[in-house]
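A.B. asks: Sequence order for the protein chains is C and X. At position 223 of the first sequence the residue is numbered 222 (numbering that gives the first Met the number 0), and the sequence of numbers has no breaks. At position 81 of the second sequence the residue is numbered 80 (numbering that gives the first Met the number 0), and the sequence of numbers has no breaks.
Incorrect hints may have been included.
Partial pick of chain X residues on the chain C-facing surface, computed with a CB cut under 8 Å [as the list claims (entries may be wrong)]:
1) Ile18
2) Ala20
3) Phe42
4) Leu126
5) Asn208
6) Tyr212
7) Leu251
8) Val254
9) Val256
10) Ile266
For the record, the hints were derived by calculation from the structure and aren't laboratory data. As the structure is a computational prediction, the values presented were derived from the model and not from experiment. Yeah, the Cβ is synthetic: ideal placement off N, Cα and C, and Gly gets one too.
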Amino acid sequence: MQPAATSPSPPLNEAKTKRNAIRTQTVDSLWGCFFILPQMVGLIIFSLIPLVLAFALSLMSWDGFGERSFVGLDNFMGQFKDPDFRIALVNTLYYTVLTVPTGILAAMLVAVGLNKVKGKVLYRLIYFMPNITMSVAVAVVFMWLFNSDFGLINLYLKDWFGIDGPRWLTDTRFVMPSIALLSIWMGLGGSMVLFLAGLQGISPTYYEAAQIDGASKWQQLRHITIPLLSSTTFFVTIMSVIGSFQVFDQSFVMTSGGPAKASYTLVYHIYDSAFVDFTFGTSTSAAVTLFAMILTLTLLQMKISKRWVHYEE
Amino acid sequence: MKTKALHPSTIALHAVLIIGACMMGLPFLWMLLSALKDLSQVFVVPPKWIPEPFVWSNFKDSLTALPFGRAYLNSFYINVIVVVSQLVTCSMAAYAFAKIKFPFREPLFVLFLATMMVPGQVTIIPLYLMMKNFGWLDSHQSIIVPAALLNAFGVFLLRQFFKGIPKEMEEAAIVDGANRFTIYTRIMLPLVKPALSALGIFTFLGMWNNFFYPLIFLNSPEQFTVPMMLNLYRGMYATDWTLMMAGATIALLPVLVVYMIGQRYIIEGVTLSGIKG
Numbered sequence: 000m001q002p003a004a005t006s007p008s009p010p011l012n013e014a015k016t017k018r019n020a021i022r023t024q025t026v027d028s029l030w031g032c033f034f035i036l037p038q039m040v041g042l043i044i045f046s047l048i049p050l051v052l053a054f055a056l057s058l059m060s061w062d063g064f065g066e067r068s069f070v071g072l073d074n075f076m077g078q079f080k081d082p083d084f085r086i087a088l089v090n091t092l093y094y095t096v097l098t099v100p101t102g103i104l105a106a107m108l109v110a111v112g113l114n115k116v117k118g119k120v121l122y123r124l125i126y127f128m129p130n131i132t133m134s135v136a137v138a139v140v141f142m143w144l145f146n147s148d149f150g151l152i153n154l155y156l157k158d159w160f161g162i163d164g165p166r167w168l169t170d171t172r173f174v175m176p177s178i179a180l181l182s183i184w185m186g187l188g189g190s191m192v193l194f195l196a197g198l199q200g201i202s203p204t205y206y207e208a209a210q211i212d213g214a215s216k217w218q219q220l221r222h223i224t225i226p227l228l229s230s231t232t233f234f235v236t237i238m239s240v241i242g243s244f245q246v247f248d249q250s251f252v253m254t255s256g257g258p259a260k261a262s263y264t265l266v267y268h269i270y271d272s273a274f275v276d277f278t279f280g281t282s283t284s285a286a287v288t289l290f291a292m293i294l295t296l297t298l299l300q301m302k303i304s305k306r307w308v309h310y311e312e
Numbered sequence: 000m001k002t003k004a005l006h007p008s009t010i011a012l013h014a015v016l017i018i019g020a021c022m023m024g025l026p027f028l029w030m031l032l033s034a035l036k037d038l039s040q041v042f043v044v045p046p047k048w049i050p051e052p053f054v055w056s057n058f059k060d061s062l063t064a065l066p067f068g069r070a071y072l073n074s075f076y077i078n079v080i081v082v083v084s085q086l087v088t089c090s091m092a093a094y095a096f097a098k099i100k101f102p103f104r105e106p107l108f109v110l111f112l113a114t115m116m117v118p119g120q121v122t123i124i125p126l127y128l129m130m131k132n133f134g135w136l137d138s139h140q141s142i143i144v145p146a147a148l149l150n151a152f153g154v155f156l157l158r159q160f161f162k163g164i165p166k167e168m169e170e171a172a173i174v175d176g177a178n179r180f181t182i183y184t185r186i187m188l189p190l191v192k193p194a195l196s197a198l199g200i201f202t203f204l205g206m207w208n209n210f211f212y213p214l215i216f217l218n219s220p221e222q223f224t225v226p227m228m229l230n231l232y233r234g235m236y237a238t239d240w241t242l243m244m245a246g247a248t249i250a251l252l253p254v255l256v257v258y259m260i261g262q263r264y265i266i267e268g269v270t271l272s273g274i275k276g
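Working from the sequences, and respecting the hints, build out all of it.
C.D. replies: See below:
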């Protein structure tokens, strides 16, 4: 029965399947639009439009209430002369130099140490914990630890070594290093997890071969682990730099950008010039500058990591 | 090397790792123990770690000194709405990007990925002005709606998981005449449950800890979320360390509980987002 039913008119059937395929395609397209609709609306309203507006505002002078006037690139030119912007930029770069190399070195050492050790999961649990905690709560705790009169750090320095500790958060020389210390403590776990993943990707055969050749642990670290981890290291570096460009919560909560603007960062400047000084043009132009810095790093990362992937293949 | 006896270098390694672990963990322990002291125990030199007697009233006091209970409630209900909406909207978009063919699918997905590069500080001022126009400033809509409708990372994360599901699972259902919506709810969502848990945990942590957006959008203490309230606390009771530590402990508790339960998902998620590059 079956062959008789299908064989007499093949051209007709073919046309029908084709029409069906087109119909399914159209229906599918509609479903696709339906499924992406909520996120698409969110993307347009809460990301694309604000982004365009940010660029537009950065070319204007506006206090939020009165007339908006187009000033071209004046806001960006003004950044070179604006002492607040310069302080913010210098502080942010200083903070980056303080946190990134130390943070990465520490994370890499911990990851290498943890990689094959017993109890790895427990250690990882503890080391990663600061990474997911609330910056405000942690900043409140560290305000006490850093307190020059009653803080744990200075009390122990006095008790154990007889040293009068520095005024961590109220001395212009120590405030950035203190904030950096808190950030390294918070961020170490995140970088460590990425390094652990990188270490998992290194084939054990390299180490076996090195052992047969009589290479010491140090030589293995130096000539196998570090080179093969380089793409992870690069990625973690870029991500840490991007993160450190955006530092805000810690200095806002612990020092309000002080003393004497010594912990006044770029994002603090964006916040301050918009919501304290009501100079929205200055604020958005600083934000666009920050965006340009971050975008450059991201694109660099994408470009170089692509090359690395090819290299490994 | 092959013997079971502990090698001296292994012991040294553990010693170093334990010292490191103490440095990571002790601030939390100090916070918790200090929250149980009264002020007179705080200024003892050398510092005493164990409170004597234990002063439990700090927790009650810090909950009543400012509307902390209210902030807790605010944070919780905002989080529930955002987590649920994100799981729905992100999984819908992710399913479409992974499994349905529609025009401009690839460019649109790239657009989603591209917005992940835009730092929140760039869009915050226009967003503030938009919220002002919507009349949403100082209300929870300003926090909830943008978060509920946009999480490009979530879309990316779930898409990876949907892509891993073999075609045959869907095709059988299509032959049976099921439409896309049925396939999505009945077949696809149950298959990506672990990924949904991961995204839910991430969103919860991110929202609970977020300080920057509430700082800009919210004004009155009744509307504050937990980090905002804790910051207000710091301004008002700066010298009452024990009360502040109690506040910080209360603020961190949900985060630590979620972390303990979901740490496997969290660490896998961090790794995955890292590998993506």
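A.B. asks: With 8 Å as the cut and Cβ atoms as the points, is valine 254(X) at the interface with chain C?
C.D. replies: Constraint on valine 254(X) satisfied, holds at 6 Å.
A.B. asks: With a cut-off of 8 Å, does the beta carbon of phenylalanine 42(X) approach a beta carbon of chain C closely enough for the hint to hold?
C.D. replies: Cβ of phenylalanine 42(X) sits 6 Å from chain C, so the hint holds.
A.B. asks: Measuring from the C-beta of valine 256(X) to each C-beta in chain C, is the shortest one below 8 Å?
C.D. replies: It is violated, given that the least Cβ distance between valine 256(X) and chain C is near 11 Å, above 8 Å.
A.B. asks: Would the hint on leucine 251(X) stand, with a C-beta cut-off of 8 Å toward chain C?
C.D. replies: 5 Å, holds
A.B. asks: Is the interface hint satisfied for isoleucine 18(X)? The criterion is a beta-carbon contact with chain C at less than 8 Å.
C.D. replies: Violated. Min distance 11 Å.
A.B. asks: Holds or violated: the hint that tyrosine 212(X) contacts chain C, with Cβ atoms closer than 8 Å.
C.D. replies: With a minimum Cβ separation of about 11 Å from chain C (threshold 8 Å), the hint on tyrosine 212(X) is violated.
A.B. asks: With a cut-off of 8 Å, does the beta carbon of leucine 126(X) approach a beta carbon of chain C closely enough for the hint to hold?
C.D. replies: Result: holds, 5 Å to nearest chain C Cβ.
A.B. asks: Taking 8 Å as the limit, does the beta-carbon of alanine 20(X) come near enough to a beta-carbon in chain C?
C.D. replies: Because about 5 Å separates alanine 20(X) from the closest Cβ in chain C, which is inside the 8 Å limit, the hint holds.
A.B. asks: Take the shortest C-beta to C-beta distance between isoleucine 266(X) and chain C; is it under 8 Å?
C.D. replies: It holds, given that the least Cβ distance between isoleucine 266(X) and chain C is near 5 Å, below 8 Å.
A.B. asks: Return the status of the interface hint for asparagine 208(X): holds when the least beta-carbon distance to chain C is below 8 Å, violated otherwise.
C.D. replies: 4 Å, holds
When the structure is compared with the earlier hints, violations turn up for hints 1, 6, 9 and for no others.
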